[in-house]
Amino acid sequence: MLLTDSTKKLSFNRKISDGDLVIVYEKHDTMKAVKVSEKSVLENRFGVFKHSDWIGKPFGCKVSSHKGGFVYLLAPTPELWTLVLSHRTQILYIADISFVVMYLELIPGCVVLESGTGSGSLTTSLARAIAPMGHVYTFDFHEQRAEAARADFEKTGLSSLVTVGVRDIQGEGFPKDLVGVADAVFLDLPQPWLAIPSAGEMLKPDGVLCSFSPCIEQVQRSSETLTSKFTDIRTFEVLLRTYEVREVKMDQCQSEEGTPGSHRPSKRKHRASEASHWQQDSSGSPVVMARPSSEARGHTGYLTFARLRCVE
Amino acid sequence: MSTIEHENSSQNRRITWEGCSVLLDINDGDRLLFSRLTAGSIVKIGNKNYPLQPLIGCPFGSLFQVENGINGPCLSRVIPTPEANNNTEDKREGAVKDESRDNRALIDNNTAQTLTGEDIEGLRRQGASGNEIVEALIANSATFENKTAFSQEKYRLKKQKKYAPKVLLRRPFARSVCDTYFKKYPARIGFLRVDTLSLLLSFANVTAQSDVLVVDMIGGLITGAVAERLGGTGYVCNTYRGDSPHSLEIVRMFNFGDEINRRIVRLPLTELSASHVGDSKGNGHLQVADSIENPSNQSDVTLSSIQSDQPVSMEATTVASEDEKPDTVTVVAKVHKAVQPGEKAPEDAIKSWKENGFSSLIIAAPDADAWNIVKEVLPFLSFSAPFVIYHQYLQPLATCMHNLQVEKMAIGLQITEPWLREYQVLPSRTHPHMQMSASGGYVLSGTKIYNEDQPNK
Ligand SMILES: C[S@@+](CC[C@H](N)C(=O)[O-])C[C@H]1O[C@@H](n2cnc3c(N)ncnc32)[C@H](O)[C@@H]1O
Chain A
1 MLLTDSTKKL
11 SFNRKISDGD
21 LVIVYEKHDT
31 MKAVKVSEKS
41 VLENRFGVFK
51 HSDWIGKPFG
61 CKVSSHKGGF
71 VYLLAPTPEL
81 WTLVLSHRTQ
91 ILYIADISFV
101 VMYLELIPGC
111 VVLESGTGSG
121 SLTTSLARAI
131 APMGHVYTFD
141 FHEQRAEAAR
151 ADFEKTGLSS
161 LVTVGVRDIQ
171 GEGFPKDLVG
181 VADAVFLDLP
191 QPWLAIPSAG
201 EMLKPDGVLC
211 SFSPCIEQVQ
221 RSSETLTSKF
231 TDIRTFEVLL
241 RTYEVREVKM
251 DQCQSEEGTP
261 GSHRPSKRKH
271 RASEASHWQQ
281 DSSGSPVVMA
291 RPSSEARGHT
301 GYLTFARLRC
311 VE
Chain B
1 MSTIEHENSS
11 QNRRITWEGC
21 SVLLDINDGD
31 RLLFSRLTAG
41 SIVKIGNKNY
51 PLQPLIGCPF
61 GSLFQVENGI
71 NGPCLSRVIP
81 TPEANNNTED
91 KREGAVKDES
101 RDNRALIDNN
111 TAQTLTGEDI
121 EGLRRQGASG
131 NEIVEALIAN
141 SATFENKTAF
151 SQEKYRLKKQ
161 KKYAPKVLLR
171 RPFARSVCDT
181 YFKKYPARIG
191 FLRVDTLSLL
201 LSFANVTAQS
211 DVLVVDMIGG
221 LITGAVAERL
231 GGTGYVCNTY
241 RGDSPHSLEI
251 VRMFNFGDEI
261 NRRIVRLPLT
271 ELSASHVGDS
281 KGNGHLQVAD
291 SIENPSNQSD
301 VTLSSIQSDQ
311 PVSMEATTVA
321 SEDEKPDTVT
331 VVAKVHKAVQ
341 PGEKAPEDAI
351 KSWKENGFSS
361 LIIAAPDADA
371 WNIVKEVLPF
381 LSFSAPFVIY
391 HQYLQPLATC
401 MHNLQVEKMA
411 IGLQITEPWL
421 REYQVLPSRT
431 HPHMQMSASG
441 GYVLSGTKIY
451 NEDQPNK
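Protein sequences appear in the order of chains A and B.
Numbering (the working numbering) for the first sequence: 1 to 312.
Numbering (the working numbering) for the second sequence: 1 to 457.
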């Protein structure tokens with residue numbers, strides 16, 4: 001998924017080949033991750049698509065089914081992955097993910113610790129930020145989830161950047177061999193305050209910690225725990241509003257008399273009895289307009305950030 | 001899980017060095033300014049000048065207080081002791097216990113303080129520290145005792161800011177650079193808020209080894225943020241129409257070494273469009289000469305001088321790297337010239353972009369028409385590559401999105417507007433901040449598709 005392998009880098013000349021991971025795009029909210037395999041087919045409401053037809057085509061192309069329906073084949077990115085991954089837990093979405101990566105000050109070469117791994121939605125973006133020399137150590141106490149996450153990172157080509165450990169981080173803390181190596185720590189745990197003291201030991205001085213919690217009571221307790229070793233403790237909420245764009249023909253709604261003073265006599269015939277109404281006139285050219293989508297995610301969680309105080 | 005030895009690049013250094021760029025946060029964000037740490041640089045706080053020399057070699061995140069040293073005013077590092085931490089916790093608990101107290105008997109008539117300005121000057125002459133003066137002010141305040149713990153804390157903080165100002169040494173990272181500009185000079189960065197910037201970098205899939213095409217008309221903030229994520233790999237190429245490249249003044253606030261600056265390049269759009277690689281040779285020189293010395297430097301001066309006449313300004317010519325300092329380097333290093341960000345793109349890179357396309361595209365032109373730009377630069381983007389356009393207004397993005405749809409140039413088109421709210425979290429006093437930024441701009445994102453009817457170029 002990342003560009004660390006130069007043979008997989010996007011290019012005008014890069015063609016889909018056997019074994020590639022592609023994102024099959026039907027529409028913006030209907031996508032699916034598919035591993036291309038010469039003998040396989042994809043079946044959806046548009047019909048049956050033969051993988052063998054895809055091989056040799058450029059990424060970003062439109063392919064047809066036997067019935068003439070079509071989909072697009074895209075190269076995977078962490079953003080697309082977050083939209084197609086299998087939800088084994090609640091996951092983080094792009095707004096929170098982007099803000100976390102920015103506020104954790106992640107750059108290539110950084111070491112970042114995470115718990116829990118969950119469905120690996122955030123992990124994928126953490127890996128992108130620290131590649132190619134950095135590393136993500138992510139922990140979940142749920143054996144199967146950890147295993148599924150490992151399989152996913154294998155599929156998306158991130159295994160060399162991510163190590164998944166099975167561990168109760170609230171109970172045992174992070175492993176001792178990671179003391180003092182972390183540039184950043186991210187917690188998405190039910191009782192993050194239990195993991196904060198250990199997170200503090202893992203961080204380099206001035207390293208940044210972030211804790212994601214859906215409930216304000218969790219934030220309250222975490223923030224109180226943070227005050228002993230951390231500074232710059234700040235809590236945010238970040239949300240997205242999306243817009244629908246449409247070409248609309250607006251009624252021109254001129255008053256029959258024309259605007260007083262503007263000598264623009266209407267050429268049309270109007271009936272005097274409608275003088276008190278606005279005149280409907282759809283002769284205007286269509287205008288492109290935007291309005292906020294009617295429904296949106298109203299809450300995901302609070303993001304609490306803090307920096308490990310420098311005491312040396 | 002045993003190989004923990006990860007080498008720190010110069011970009012990720014956590015200790016300051018001579019010549020490095022820093023962000024000084026004075027009194028908890030009351031004043032923010034960029035400085036370069038050199039032997040002679042100073043910062044003015046109140047009416048006194050403080051040399052920045054003591055900040056060299058300290059970890060980022062260090063806190064300093066002002067002191068009257070033997071050689072005049074100086075900054076000295078405060079190292080929080082574990083006991084100090086306990087104290088603050090006690091205070092916080094006190095705050096909860098005292099909640100029954102209220103302000104009903106408080107009279108604000110300026111007579112509450114019995115210490116006069118002259119008294120304070122006297123204390124100073126006797127060598128009292130700022131903190132001692134704050135304590136004296138509290139001891140001589142008739143109303144302090146009756147204030148609620150919350151108001152006491154507020155009073156203490158106010159006096160502390162005046163008599164015992166604190167300077168926090170921060171790392172200039174995309175996060176802090178964007179935050180600072182948004183707070184101080186939002187118009188210069190087209191009102192791009194930090195959460196919006198973070199979205200741009202995600203939507204554009206910026207990662208090591210990417211070749212990112214940018215149209216950065218917001219002072220170089222996008223260019224700098226992208227370069228930070230590239231970490232000295234790939235390229236960020238800022239393209240432009242006409243003769244003058246866009247200013248990259250903000251790039252110099254970051255601490256980029258040669259390996260990163262080399263990856264920050266410029267190229268006029270005409271040269272990208274030229275079908276033969278050789279075509280570009282002609283004006284190469286011109287672009288290089290132009291790169292950093294253009295008049296847009298002026299704004300750097302103001303950046304610092306607005307802040308109470310900072311003599312320490314970012315336009316200082318010692319742009320990059322400690323390598324230039326005679327006392328730390330060998331003869332060979334002296335000959336070495338620091339690489340400037342924004343040189344003209346090298347021929348082999350241009351050739352590769354023409355053959356392969358860019359791996360992502362970011363446009364931030366808050367005063368220009370989005371569609372006019374995107375239709376010209378999109379052809380240089382690889383198929384299936386993501387692009388993202390920032391605008392301070394919604395309408396140009398709506399029009400642009402519509403046109404991209406009609407022309408079947410892209411899919412997954414979406415306009416989003418981020419919303420960011422900060423919270424005060426305190427025992428029994430948790431609530432959103434009373435003030436928040438109501439607009440951080442709009443973002444149009446999408447993925448370029450391969451269109452058989454109009455194959456690229
Ligand atoms: C909400 S999910 C994390 C989602 C993740 N941030 C993502 O974006 O996909 C929380 C995870 O924490 C794990 N977890 C809960 N308690 C834990 C503990 N004490 N130690 C380690 N992991 C724990 C759960 O198994 C679950 O998978």
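Take these hints with a grain of salt, some might be off.
Stated by the list, open to error - In silico lysine-lysine, DSS-like type, Cα no more than 27 angstroms apart, as pairs:
{"hint": "1", "chain 1": "B", "residue 1": "Lys147", "chain 2": "B", "residue 2": "Lys48"}
{"hint": "2", "chain 1": "A", "residue 1": "Lys15", "chain 2": "B", "residue 2": "Lys354"}
{"hint": "3", "chain 1": "B", "residue 1": "Lys147", "chain 2": "B", "residue 2": "Lys162"}
{"hint": "4", "chain 1": "A", "residue 1": "Lys204", "chain 2": "B", "residue 2": "Lys147"}
{"hint": "5", "chain 1": "A", "residue 1": "Lys57", "chain 2": "B", "residue 2": "Lys351"}
No lab work stands behind these hints, which were simulated from the structure alone.
Against the structure, the hints:
1. B:Lys147 x B:Lys48: Given that 27 angstroms is the threshold and the Cα spacing comes to 33 angstroms, the pair is violated.
2. A:Lys15 x B:Lys354: 17 angstroms, holds
3. B:Lys147 x B:Lys162: 20 angstroms, holds
4. A:Lys204 x B:Lys147: 39 angstroms, violated
5. A:Lys57 x B:Lys351: Holds - the C-alpha atoms of Lys351 (chain B) and Lys57 (chain A) are around 23 angstroms apart, at most 27 angstroms.
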